[in-house]
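Taking the hints into account, I'd like the entire structure generated from these sequences.
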Amino acid sequence: MSIFVRNALIALGITILVMGTVAYAVHYTNQQRLSEISRMQTQLSTDTLSLETQFALLENAPCEDISDGTSFSQELSNLGDRLSFTEGRLGSDDPQVLELKKEYALLEIRDYLLMQKLSTTCHITPVVTLYFYSNAGDCTACNRAGYALSYLRQTYPRLRVYSFDYNLSLGALKTLIQVEKVKPQLPAFVIQGKRYYGFTSLDNLKKDFPKSLFATSTATSTVSKKK
Amino acid sequence: MAWSPDILVYPFLFIAIYFESFLLVTFLSKPAREQRKRTASSDTPKVAIIVPCWNETTTIASTVKSLLALDYPTDKLSIVLVNDGSTDDTPQAMAFFADNPQITIIHKENGGKHTALNAGIAASPDAELIGCLDADSFVESDALREIVTCFAKPEVMAATASMSVHKPKTLMQRMQYAEYVFGIALRHILSSINGLYVTPGPFSLYRASIFKELGNFKKAYQTEDMEMALRTQRAGYVIENALRARVYTKAPATLSKLLAQRTRWSSGFLRNMLYDYRGLIINPHHGVLGMFILPLALSSIGGSIIIFLVSVVLLGQRVFDGILVISGVPISYAFTSHQLSWFYFPANSMVFLGAILMITTISFMFVGKRLSRTPGILVPNVIVYVLLYGYTAPLWLMRSVADVARGTHRAWRY
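Chains as they are written, first to last, in numbering that gives the first Met the number 0: chain A, 0 to 226; chain B, 0 to 413.
Please note that the accuracy of each hint is not assured.
What the hints assert, rightly or not - Taking lysine to any residue and the SDA-like style, the derived pairs with C-alpha atoms no more than 20 Å apart in a straight line are:
{"#": "1", "chain 1": "B", "residue 1": "Lys29", "chain 2": "A", "residue 2": "Leu8"}
{"#": "2", "chain 1": "A", "residue 1": "Lys193", "chain 2": "A", "residue 2": "Lys210"}
{"#": "3", "chain 1": "A", "residue 1": "Lys205", "chain 2": "B", "residue 2": "Ser331"}
{"#": "4", "chain 1": "B", "residue 1": "Lys75", "chain 2": "B", "residue 2": "Phe96"}
{"#": "5", "chain 1": "A", "residue 1": "Lys205", "chain 2": "B", "residue 2": "Phe11"}
{"#": "6", "chain 1": "A", "residue 1": "Lys101", "chain 2": "A", "residue 2": "Gly90"}
{"#": "7", "chain 1": "B", "residue 1": "Lys166", "chain 2": "B", "residue 2": "Pro379"}
{"#": "8", "chain 1": "B", "residue 1": "Lys29", "chain 2": "A", "residue 2": "Ile13"}
{"#": "9", "chain 1": "B", "residue 1": "Lys249", "chain 2": "B", "residue 2": "Asn54"}
{"#": "10", "chain 1": "B", "residue 1": "Lys29", "chain 2": "A", "residue 2": "Arg5"}
{"#": "11", "chain 1": "A", "residue 1": "Lys193", "chain 2": "A", "residue 2": "Ser168"}
{"#": "12", "chain 1": "A", "residue 1": "Lys205", "chain 2": "B", "residue 2": "Gly327"}
{"#": "13", "chain 1": "A", "residue 1": "Lys206", "chain 2": "B", "residue 2": "Pro329"}
{"#": "14", "chain 1": "A", "residue 1": "Lys205", "chain 2": "A", "residue 2": "Tyr195"}
{"#": "15", "chain 1": "A", "residue 1": "Lys205", "chain 2": "B", "residue 2": "Tyr332"}
{"#": "16", "chain 1": "A", "residue 1": "Lys205", "chain 2": "B", "residue 2": "Lys29"}
{"#": "17", "chain 1": "A", "residue 1": "Lys116", "chain 2": "A", "residue 2": "Leu106"}
In case anyone wonders, no lab produced these hints; they're calculated from the structure.
Please read these numbers as outputs of a predicted model, since none were measured by experiment.
So this is what it looks like as structure tokens:
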């Protein structure tokens with residue numbers, strides 16, 4: 000065997016090894032991301048359950064001992080950011096991503112319901128927004144709408160945004176869509192119980208929110224990312 | 000997952016990694032190791048160095064002085080200065096050396112570099128070895144002894160030196176400095192398996208008999224050095240490389256000049272390959288050159304262009320989408336919206352493979368510089384190379400492909 004042939008074969012072996020290692024490293028990193036999301040979801044799930052239990056235990060005077068959940072909302076939002084990033088890398092049809100998205104949507108719905116209870120019982124007045132988007136290529140304005148909402152949520156902490164993939168196959172989400180009577184015209188927003196469709200600009204979106212949100216909130220510079 | 004243009008990049012990344020792996024293995028193989036152990040020759044065959052000149056007033060003196068300073072017996076070294084119809088003060092600059100018995104000066108009508116070289120060959124009937132040195136280059140004093148060593152074996156018909164950029168100043172020159180030291184390693188490695196297909200103008204030597212056997216230099220699409228090397232290879236001879244024979248050249252200082260030079264080189268390569276030396280490609284009779292180096296060199300042109308176009312498309316897409324998404328939202332938010340976390344590190348295969356390629360290339364640069372003992376500082380020039388090369392090389396490659404496709408022939412200097 001000539002030196003050339005020998006070297007060419009060894010080089011081929013090295014190349015296959017390098018490509019294989021890179022493929023494994025990328026797969027490993029993605030798995031780590033999914034594990035991280037799963038871990039965060041488990042933590043948030045426990046926190047939600049704890050909050051619900053706390054609420055039940057202090058039924059008579061719950062409000063003094065329950066915070067308004069701002070930090071919890073931040074965590075939920077961070078989790079959403081990470082999920083969105085992972086979805087972008089692995090694709091919206093990845094089974095693990097879909098599973099995590101369902102869990103995330105459930106977590107959001109539970110927090111939404113709990114927030115409704117808290118606002119009634121404790122006279123907390125968060126501005127609640129349900130945001131419905133689609134990744135199926137049928138919503139050109141969704142990225143812009145998500146980014147604008149992220150900005151508003153970070154700037155005005157009283158604003159609680161719950162984002163949902165309209166096409167996600169999840170019973171609880173379908174029910175929420177039905178209850179809120181959200182039509183498949185995306186992006187769709189349910190702001191303080193009123194429905195709005197489409198997105199043109201941040202300024203126009205702001206008009207759909209109660210003026211009190213912008214009057215009383217303090218601007219912050221917390222980090223966030225579009226959903 | 001949806002189709003994305005980056006899928007086009009992966010085959011070329013595979014080829015590039017394969018080529019660099021091959022270089023690494025060959026670098027560690029016995030022939031390359033033995034080449035590195037070689038010491039300068041004490042043999043002193045008669046050598047003639049031809050310096051073709053066309054409007055080289057500013058550089059010719061330092062070129063000739065470096066040749067006169069070569070550590071070589073003066074009675075064995077002759078220098079032939081060929082004025083190829085210069086229109087500036089080159090004849091006067093040459094006249095300064097007219098009294099030197101080692102130097103012959105020829106004035107002729109302008110006919111192109113190959114005619115100047117052939118005039119020099121004709122004026123050197125006694126030389127055993129004939130060298131060329133571009134008039135914008137100069138040599139280290141031990142370069143000739145180092146390169147003469149390559150001719151110990153009778154089958155060696157040509158030898159190349161280790162070229163580098165002298166005192167790079169502009170960004171383009173800095174980028175080329177890094178590129179040239181990579182070229183030193185590349186030439187050393189490929190020569191160990193007889194895979195060279197260019198004998199560059201800055202200080203390549205030929206056994207004089209090759210011109211009698213294979214003929215003189217040809218115009219060859221203005222790449223006479225490449226054509227002569229390909230002719231030598233086709234005849235079954237060996238082209239060697241002298242790792243420590245250092246020669247310094249003046250590199251184009253601006254992008255437009257660099258584009259002009261590299262378009263000439265690349266289109267010359269393509270034309271030589273497609274028209275005159277097609278028979279070498281994937282021809283087992285021509286060993287590593289035919290089966291490996293030339294096919295890879297051709298595919299690298301396509302690969303570089305595709306990788307460049309895909310990156311431009313992807314980058315353009317991202318920038319366009321990004322601007323669309325953030326429009327209307329205060330710009331300051333864009334700078335606060337990314338968390339510093341491993342989670343958001345863009346770890347995809349293209350990033351990893353690109354990084355591996357870049358690290359390997361930079362390692363070869365350090366190896367080339369160290370083994371050839373080339374002077375200069377590498378790190379800042381490597382940084383310029385990393386930032387600019389990927390976006391400049393495809394420009395001349397695309398222009399060359401377009402020239403060849405349209406049959407455009409550009410002047411040597413334009």
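- Message: Checking each numbered hint in turn, tell me which of them this model violates, lowest number first.
- Response: Going through the list in order, the structure violates hints 5, 11 and 16 and respects the others.
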